[in-house]
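Position chains S, F and V against the provided structure of chain H, taking the given hints into account.
There are 4 protein chains.
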Amino acid sequence: MTTTRELAAFLAQEFPQTKVMVESVGGGGARVRHAIGFDELRPGGTVSGPVLMGVADVGLYVAICGAVGLTTDVATTNLTTNFLRMPSGEADIIGDCRLLKVGRTLIIGEVSLFSEGDDRPVAHVVGTYARLGRQHP
Amino acid sequence: MTTTRELAAFLAQEFPQTKVMVESVGGGGARVRHAIGFDELRPGGTVSGPVLMGVADVGLYVAICGAVGLTTDVATTNLTTNFLRMPSGEADIIGDCRLLKVGRTLIIGEVSLFSEGDDRPVAHVVGTYARLGRQHP
Amino acid sequence: MTTTRELAAFLAQEFPQTKVMVESVGGGGARVRHAIGFDELRPGGTVSGPVLMGVADVGLYVAICGAVGLTTDVATTNLTTNFLRMPSGEADIIGDCRLLKVGRTLIIGEVSLFSEGDDRPVAHVVGTYARLGRQHP
Amino acid sequence: MTTTRELAAFLAQEFPQTKVMVESVGGGGARVRHAIGFDELRPGGTVSGPVLMGVADVGLYVAICGAVGLTTDVATTNLTTNFLRMPSGEADIIGDCRLLKVGRTLIIGEVSLFSEGDDRPVAHVVGTYARLGRQHP
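Chains as they are written, first to last, in the working numbering: chain H, 1 to 137; chain S, 1 to 137; chain F, 1 to 137; chain V, 1 to 137.
Chain H extracted, bound-state conformation (with noise of 0.2 Å):
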């Protein structure tokens, strides 16, 4: 069983460049926090697209490691984005993940993004992942 502790210090010496903090693990899914400022923007106030599906993209493959353990063997086949509201710009966003069906080759999951403090999703992400075969030692 991986512990929270240790999935992101794994996420931090694999990823060094996410910004995405782990905040839970486990049962098939996972809760992710990235924290707002000004290089997260665009023009408005809000939070840029890129950064809602790169939150998404980190949060599902935090719930896969929780699921079959910790790889760097998974790769993003498809994502598909709904956006739904704009994001505060000064809040940060948490995406609580959930994985769909955990298959020999290929895993789905979905995630709901949030501005911390409003509980109406600003974006509905579901990504597939494609399990490449090697294990992480």
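Hint data in this document are derived by calculation from the structure and do not stem from the laboratory. Glycine included, C-beta positions come from ideal geometry on N, C-alpha and C. None of the hints are false.
Coverage of chain H stretches by chain S, computed from C-beta distances (three or more under 8 Å per stretch; other residues unrestricted):
id	segment
1	80–92
2	117–129
So the derived label-pair ranges between C-beta atoms look like this:
id	chain 1	residue 1	chain 2	residue 2	range
3	H	Met21	F	Asp39	51 to 57 Å
4	V	Gly89	F	Gly26	33 to 39 Å
5	H	Ala9	S	Ala75	44 to 50 Å
6	V	Thr2	S	Met86	49 to 55 Å
7	S	Thr105	H	Arg33	29 to 35 Å
8	F	Thr3	V	Leu132	48 to 54 Å
9	V	Gly26	F	Gln13	43 to 49 Å
As a list, the in silico DMTMM-like pairs of lysine to aspartate or glutamate whose alpha-carbon atoms are at most 25 Å apart:
id	chain 1	residue 1	chain 2	residue 2
10	V	Lys101	S	Asp73
11	V	Lys19	H	Asp39
12	S	Lys101	S	Glu23
13	F	Lys101	V	Asp119
14	V	Lys101	F	Glu116
15	H	Lys19	V	Asp39
16	F	Lys101	V	Glu90
17	S	Lys101	V	Asp73
Chains S, F and V in isolation, oriented as in the chain H frame:
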């Protein structure tokens, strides 16, 4: 407030060719059912993809009518389906539908589809609907 | 090299319930046709969404068989449809299918759907197929 | 008629943080380019997914401005990405963008993304944009 009975009658009148049955509606969602027989199967004894996608599409339409009133003035603009597991050819298909956003021009929702009696989803669908601007009288 | 005639015969044998006709196949793509009659219509005299999605799904399957050989061992894993314009209820639906990637485990393709005689697409579909590992004898 | 030069200047003014460069625009499409350096890479020496999705999103926005005039009043509502091949970390990313429909309320387009010098697409994106109703002065 549209009742389940009103919605079932409206669906039967406006879409006489659909086999989808309304089980419940309200609270920003709906639950629908589709009986499975020879016409819904494909080789291998499983339910065909177009049947699954049709159940989700009608289910989201039902959820929309439950949220905004009886209307024929919405049109599906996007339907994204992930096929997760082979549905049984001997169980009804159940669709659990939930609206993610009811906007002025777009409505977005998701559906988890199940073979009755198995709680692992056979497919997951996200749909977008455009409001055409006319209300049903 | 699979010919159009071989593929049409294979489709009729393996999927006897489909009404999709193979017009051409090869070069990493296919062109298919579906006649439109009462069964394909919905209120308003237009073609139903599930029919359009079914044509695209079969068309991509035909293109795949043209590329990798006659096989029943592929399964649709994702189908993303954008509905662009109301199809005529009085014209055949034509599907122009093109494979984007033929990988070892996944095959991805896109389809533009037209009402015959009008060169503006009525829908656009992207589909992903998993190769299950067994070849048709 | 919006020229490529006008569009490049408009993009630089309205989205000063984007690194996307406009190569050409017109005829219902656009071609854009994104240089790849350390910031765009992820472990393994390939281009990160959010960079690819961002190039497609900006490219479709450019194509839209070419079709309907310079405007900031469109919002991405859906972005569906299929990742096809690992992009090279040493080549620019090129986006070939084509609009599928320019409607009164929705605009839909597709993008094929390439590593410069290789004609096999690294990703394929379909995007939907809502027109918010205000024109840029």
